[in-house]
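Asks: In case you want the letters, here they are:
There are 4 protein chains.
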Amino acid sequence: MSSTIINKTHISVAQNASGRHLNVPIYEISSGMDGPHVYIQSSIHGSEVQGNVVIYHLIQALKNILVRGKITLVPNCNPVGTNIKAGEYTLGRFDPVNGTNWNRGYYYDEQSVIEFANNVSETDDISDIRNAFKAHTLNKIIEKKQQPWGLGLAQQLNLTLQSISSQADIVLDLHNGPVSSRHIYIPEYLAHQANQFSMPHTILIPNQFAGALDEASFCPWWTLSDHLGARFGRDYDFNIEAYTLEMGSQEIIDFKDGEKDACSILAYLQHKDAIATNTYQPQKMKRLCVYLKDYKTLFTDFGGMVEYSAQPGQLIKKGETLAKVLNIDDLDNQQGVKVIKAPCDLIPILHFPSASVLSGTQLYKCFTQYFEIN
Amino acid sequence: MSSTIINKTHISVAQNASGRHLNVPIYEISSGMDGPHVYIQSSIHGSEVQGNVVIYHLIQALKNILVRGKITLVPNCNPVGTNIKAGEYTLGRFDPVNGTNWNRGYYYDEQSVIEFANNVSETDDISDIRNAFKAHTLNKIIEKKQQPWGLGLAQQLNLTLQSISSQADIVLDLHNGPVSSRHIYIPEYLAHQANQFSMPHTILIPNQFAGALDEASFCPWWTLSDHLGARFGRDYDFNIEAYTLEMGSQEIIDFKDGEKDACSILAYLQHKDAIATNTYQPQKMKRLCVYLKDYKTLFTDFGGMVEYSAQPGQLIKKGETLAKVLNIDDLDNQQGVKVIKAPCDLIPILHFPSASVLSGTQLYKCFTQYFEIN
Amino acid sequence: MSSTIINKTHISVAQNASGRHLNVPIYEISSGMDGPHVYIQSSIHGSEVQGNVVIYHLIQALKNILVRGKITLVPNCNPVGTNIKAGEYTLGRFDPVNGTNWNRGYYYDEQSVIEFANNVSETDDISDIRNAFKAHTLNKIIEKKQQPWGLGLAQQLNLTLQSISSQADIVLDLHNGPVSSRHIYIPEYLAHQANQFSMPHTILIPNQFAGALDEASFCPWWTLSDHLGARFGRDYDFNIEAYTLEMGSQEIIDFKDGEKDACSILAYLQHKDAIATNTYQPQKMKRLCVYLKDYKTLFTDFGGMVEYSAQPGQLIKKGETLAKVLNIDDLDNQQGVKVIKAPCDLIPILHFPSASVLSGTQLYKCFTQYFEIN
Amino acid sequence: MSSTIINKTHISVAQNASGRHLNVPIYEISSGMDGPHVYIQSSIHGSEVQGNVVIYHLIQALKNILVRGKITLVPNCNPVGTNIKAGEYTLGRFDPVNGTNWNRGYYYDEQSVIEFANNVSETDDISDIRNAFKAHTLNKIIEKKQQPWGLGLAQQLNLTLQSISSQADIVLDLHNGPVSSRHIYIPEYLAHQANQFSMPHTILIPNQFAGALDEASFCPWWTLSDHLGARFGRDYDFNIEAYTLEMGSQEIIDFKDGEKDACSILAYLQHKDAIATNTYQPQKMKRLCVYLKDYKTLFTDFGGMVEYSAQPGQLIKKGETLAKVLNIDDLDNQQGVKVIKAPCDLIPILHFPSASVLSGTQLYKCFTQYFEIN
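Chains as they are written, first to last, in the working numbering: chain A, 5 to 378; chain B, 5 to 378; chain C, 5 to 378; chain D, 5 to 378.
Next up, chain A with everything else stripped away, as it sits in the complex (with noise of 0.2 Å):
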């Protein structure tokens, strides 16, 4: 009878100024069995901690738990990001030297999938398919990070990442926003599982590539699939997933919120098969959803200090106060505080997390035009 094996290694996604190698530990958790491979990060976006409790979750269930395949999990995946302070807060977002996103150095080449494509006979098997077009992209990540002149520090931690997850079947990316309602990025094939999980909040994104790792990871093989699909008359389903589950708010961590996290992932890893259980459900909730062309950022047009009013998850009704700004050359006039009302009906998802902003600022992502999903 088999039983579960963690196996724990690390590997180097940076190295710092010191010359130390800044490592990242890679569980992999298997029980000899067959099924599909899921690779679960946390933590690119280096404020964004709860994903790691999330990961301690799982690994504490999943010990007690049957796993078909492979389930890797590697917490903490941008220790660059995780350690640069300023002030008491983590400027985990960006690479302090030159600002790049930490989430925007992902390989994807729609020209090189359409290359593999048209090399794929009709008579070729769907797995022998996935297989061959994983292989390919190992080698195409491999090869960019090989390049003479070498290649930026998010970028190259990007793709030492992603030469695991590309060999993934099942992708999940934990993330956070600032302060924030629990909400997931499902692409629009997938949207049908938006119930498989425990998020009242969910956004449909198209096949587009911006540089993150959930695009990184689906749109090579949504763009095969439609290739294969136009040249060859009928669908081929390769059955990868890929998602981004932003688990509340950053900057914390919270133990009983991260055991439900790990819940809702189970039951979602249960309905795919790749753990042999049966007791993990999806919460009954009702879901909302978006389309990415209606998940709007609202900025503000002037400087101030903020009282973001309406709490993430909230209904808004068009003219009602989203946010209230006070103005301090005007305490003592009808100018002292301005208010800020939603442009429509709305949800606001998430909101910016200091009640100090300059003109341009980011105050809230909304739902605008949302819909029910189940």
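Hints are supplied without guarantee of correctness; some may be wrong.
Identical copies go unnamed one by one, so any copy, or any two together, can satisfy a pair.
Restricting the straight-line Cα-Cα distance to at most 27 Å, the calculated cross-link-like pairs of lysine-lysine (DSS-like) are [said to hold, decoys possible]:
(1) K342 to K300
(2) K288 to K276
(3) K260 to K276
Simulated from the structure, these hints should not be mistaken for lab results.
Given the coordinates of chain A, assemble chains B, C and D onto it according to the supplied hints.
Replies: Chains B, C and D only, in chain A's frame:
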């Protein structure tokens, strides 16, 4: 019949690299009556913004109140600190160039107080002494600002503010903690005033100067009282008071809470006959108190990702859990979560605002050996 | 007889957390004559300050020169970037809140140019087309700024500047490199103008928009020329020019060098008949040139402490030493110093300004495949 | 016959948010002979890196030299400070979380020295007193590190280093200035040693502790000497020396200069009989000297963009230009450039490394009232 007049001016406290003056608004409120001069400032630490809302509500209330004496309100008194962003948050606690705490450069020179005291004669009227000492202090501050080699930015800024505050009889400095309960610093000789504020937690501080505005405001008078008292064998009460009020957590603007905070201050001002009202009363509440030496900082010996399990204001018994620290390299074994326990019975008053900490981070500040005051 | 008039105004490009407008000075110089409109700005990257001295010297010189047309000078065009300190240096390259490069949010929409081109008729006068296209572009910029959901700070600031620069015939954007030789970016169609500047190194850039001001200034006209040319089978030369000049190293003000730089610009302006002089001449010098694709960035694969052995402007042969990296854990053995060698013949143009580097740091930018231009 | 052995170990001085130990390499060099114990560290301030090259060259030289006693070399002694980037530069001077200077948390307790001194008897051998006092100091340091409420990061790091350095007879702390000439801090009682170093500028410091390593190293012994001398009426020379060497400018690695700096130190070590050589000699040079009280900091009263017209090491007469400040709002009038003049005859030793300054910035540190020493 007298009515209340609000006079607004600006003073420059610094100049930036574009050569622009950084101005601070000064709201002076009076009704042409006699009474104490009150000075209230907020946001000397840039991310501690709630005091600005409190001043906003004070101004709204004072419009309809007769003010005895004069109330000077200085919101956002440090525009340098307010406007230094490092990531999404405000790097407002110290000068980003050199690390100097913005609240440590006020003037106090014990020797100069003693010299002044030695020139007082036994027959001098207490109000004449008070006026003469205010003038003496102002001269010293101006002299210090005019040093031929110049002064550092924080000190320049502090002295400019102090040239106003030093002329007041009552000084309130409005701050916030990181993630914090409401609490107040009171000099020991004013312990009996704790129940005039609606603050559940009081720290009693001795006659020792460490650079902050409250100390710079009361230490000279305390020292002067002591010296004159010792010389002439009787009590000298100059009726000068100074407090630091911590209005909850930094990086938050909350209008409703700000209104409550303003009422708390108005009750104190009414008690001091600074305003001609009888409608404000301090809240009935349990007030806990410590001596500064018993207000302990708990540092962590190791780094990791922290859940702050104990909330500000909550009684924690010796040995109970204060925090849990996740170690991402040990998620598969017993070292995955370390528990930090209370070294004695205590009440955490504030905690660090980020989940990611290096060793040597100030996790909590705690009341120990506290007692009830009423 | 005409004389030169300097008109100074200010525009607000942003508002800070204190609610204060951040103003940029605009110096407009004209002598009531006809001629091209020149726009020169400096310091869009906050630590690149030498251009401000150049504008200072330009103003001193222009006081005694007749200006044909108009010269608009905008020093310190980004007061946000200028005033963000992080330690002793200026964090001026990107928005500290979100990492957005301050020089990537200008407006260019190829589709809109093509639509405009399609409405031009063959008989339209070239100067009418130019005026109409300037008006068209300004409308688009204003429209973009008025989006109901707002815009990010960098983009707001860029568009405010561009609403002025887009009306000019000649745009010069004054920058600095980190530790850098003087060099200039020239659009390929203006390669013949390289010898009008006293710049030893020229980078020729294609008609591709990546967000910078020079691109935003010439791409629309280049595209318009191409489309009209293709439609009507003849050349359209709108006589619009835009350049980015890199005036040596950042964080340095040097008045003498600034005077030389100003003379270099005046020689170009004289060549363009923007000023009524004949006294300025470009320096006689060897001018080396590359296509943008051959302007290579060398990243380091490892972290450590770097000696930049090769100086900006110095010819380095393949295999010669560019840099030495000290590894503090191996000072007692052969790994103590690693040597980074030139991968081909090259000329380093600039290098990173700090000795301490992580892996993936951009050590040098280098000319390869360069050629002489004259 | 003895030969030189290099022993390399690592100690952890901190732990980061990933839970990783931040290690510092310790190179111990000895040849099995008797002699003084020398301790040399570098880079307590993260951007002051040249000392690491000096230690590299010291190790290369010491491989071929017989060492009397022991030489402990601790390069990059503050891996936290080394690895905090804020923009391209290193934010290495203070803890980015709270502003604490990394060189202010060493241990010295005058009272504890006096208590120790009171327990010494007149007949005690000086070498026994020295050993006992080293043991006493070490115990105090260990005790301090084990406080139940913990310690701040900078202090933890300082005390860990001091637990080694406090056992040495000679302590050299290698620093850099911002843009700086080479200079050295020497305790007044060791003024005669200034000509053993190849340093053109010397600052003589009194027996006052402000937290730095050199003070923490010599103050206890100076105080002990004084007390024993006063008690027993004779001289106690413990032959303990400590210096801070400023090896030029920060953010620069220069191997050739580092070799010269290493030779300067070897000459001093030879003079102290710490190495068995006779080949190293201090350079013949003019050595200028000031008392600490005459080492003046010049702050600017206004903000702007600064040309540092006076170079480190250059004699400037009273009234001559030190700096010019460009004001971008006045480029068209007389206020465009303000000149900052020397308030007296002086030699600037270092200046601020950025052209952009707020009011209250430390522009220069200067020798005044200097004299030649030889």
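Asks: If a hint holds in the structure, say so; if it doesn't, say that too.
Replies: We went through each hint and held it up to the structure:
1. K342 to K300: within (21 Å within a copy, 41 Å between copies)
2. K288 to K276: within (19 Å within a copy, 58 Å between copies)
3. K260 to K276: Within one copy, since 25 Å is at most 27 Å while 48 Å is not.
No hint from the list above goes unmet by this structure.
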